Amino acid sequence: MTVAQRTVAVILNDDGRSVLQLAECSIPESGAVLMYVQDVDDLGLWVRVRRADAEHILLVRWEYVLTLDFPAEEAEAVGLRP
Amino acid sequence: MEISVEGVRTSIADWKAAQSASPEELPTLSPPQQETARRLHVSEEDYARSALAGRRSRQKLLQKTERFARWLQGLLRGKAAGTEIKTVVLNTWDGKFEITLHRDRSPVFFRVDEDLVDSLFEGGLRDAEQRLSHVLDLVLSTGVTA
Chain H
1 MTVAQRTVAV ILNDDGRSVL QLAECSIPES GAVLMYVQDV DDLGLWVRVR RADAEHILLV
61 RWEYVLTLDF PAEEAEAVGL RP
Chain B
1001 MEISVEGVRT SIADWKAAQS ASPEELPTLS PPQQETARRL HVSEEDYARS ALAGRRSRQK
1061 LLQKTERFAR WLQGLLRGKA AGTEIKTVVL NTWDGKFEIT LHRDRSPVFF RVDEDLVDSL
1121 FEGGLRDAEQ RLSHVLDLVL STGVTA
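If you're matching them up, the sequences are chains H and B in order.
For what it's worth, the working numbering labels the leading residue of the first sequence as 1, then goes sequentially.
For what it's worth, the working numbering labels the leading residue of the second sequence as 1001, then goes sequentially.
Just chain B, same shape as in the assembly:
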């Protein structure tokens, strides 16, 4: 199973933390990043703070994606033994998790709102769990393919 995050999104908390980070904490910009900062007429320090904030948030988003993937895996075991999760991608542009399953040697693709997953983990809402379970039932019965 592979998980990933597409796009750079930064939480306010991580942005604020990066703004107050000491110069020693800032990442060293790669030559292409230095070139981009130069072309945009943006200071390297500001660009590095932006990169630091993005890096911190990305780790958290990856952790959320992994947590959701593991939760989904557990749900799947109870519903469709033998079906595997191939990929779970958090697409930050659309605010959706994009999931590809492998079932009967065929890929099955579906998407889930990130807000719904946040409700599940942050609120532990029974409703969110039921809705996600319902989505998976629909996917398994209709076989939306990639």
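If we strip away everything but chain H, and leave its shape as in the complex, we get:
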């Protein structure tokens, strides 16, 4: 299963929250951080963040991630004539 190209709610540990604040990312005081994951690898989640000049790609290392939450079962079916 891949979480790339999905918007996920990321629960970070305290170090992760501090790192994101150091990286000048605005995060809520508590709870999850909603992030668009562009790619995933052994290092962690590569997410998009909006900066003043452009969108940037930020690495959220796995060691900072407590858990991820995103909808799993959404499916849409369409009937077609043969």
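In case anyone wonders, no lab produced these hints; they're calculated from the structure.
Computed from a predicted model, the values in this text were never measured in an experiment.
Where is the CB? At the ideal position from N, CA and C, for every residue including glycine.
Treat the hints with care, as some may be off.
[Unchecked claim] Just the calculated beta-carbon pair ranges, DEER-fashion:
hint: 1; chain 1: H; residue 1: L59; chain 2: B; residue 2: D1127; range: 33 to 39 Å
hint: 2; chain 1: H; residue 1: V49; chain 2: B; residue 2: E1002; range: 38 to 44 Å
hint: 3; chain 1: B; residue 1: T1142; chain 2: H; residue 2: A4; range: 28 to 34 Å
[Unchecked claim] If you want the footprint, here are the derived chain B segments under chain H, 3+ residues with CB under 8 Å:
hint: 4; segment: 1009-1015
hint: 5; segment: 1044-1055
hint: 6; segment: 1058-1069
hint: 7; segment: 1093-1100
Using the hints provided, position chain B relative to the given structure of chain H.
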């Protein structure tokens, strides 16, 4: 024939478009969605932008699935008249199309890489067409059942 998409996957383009959508364009969250956003401590606006991006991408993925299903149907007519496609599902978790045929009153199931189908439609590669045709030949001759 029924087509569907499993899982919510969002392209970068749709995600970016949703980020810059005006508040009027955002979908109204259902009460369960509002409850989920609240429990995650995520703003309803951010959650709605995520839902909008997912909705846009899902439509495109459904269109791709339909296009592949119709292409497959044409290929099948030439190879095995009387065999019908029952379902084509794009499983976004595995990046596979899952196809169920109905042949001689029995279901036949097989899977195809989404990348291969992308090669077919985006590049029009003869190699991709040959490989898909080969997959179908194998399925029809061996009868992998669901």
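Against the structure, the hints:
For the hinted restraint 33 to 39 Å between H:L59 and B:D1127, the CB-CB distance of approximately 36 Å keeps it satisfied. At about 39 Å, the beta-carbon gap between H:V49 and B:E1002 stays in the expected band of 38 to 44 Å. Judged by the Cβ atoms, the range 28 to 34 Å given for B:T1142 and H:A4 holds: they are separated by roughly 33 Å. With 5 residues having a Cβ less than 8 Å from any Cβ of chain H, the segment 1009-1015 of chain B passes the three-residue criterion, so the hint holds.
Only when three residues or more bring their CB closer than 8 Å to a CB of chain H does the claim for the segment 1044-1055 of chain B stand; here the count is 5, and the claim holds. Counting residues of the segment 1058-1069 of chain B whose beta carbon lies closer than 8 Å to any beta carbon of chain H gives 4, which meets the minimum of three for the stated coverage. Judged by the Cβ-Cβ criterion of 8 Å, the segment 1093-1100 of chain B is covered by chain H as claimed, because 3 of its residues qualify and three suffice.
Violated hints are absent here; each numbered hint is respected by the structure.
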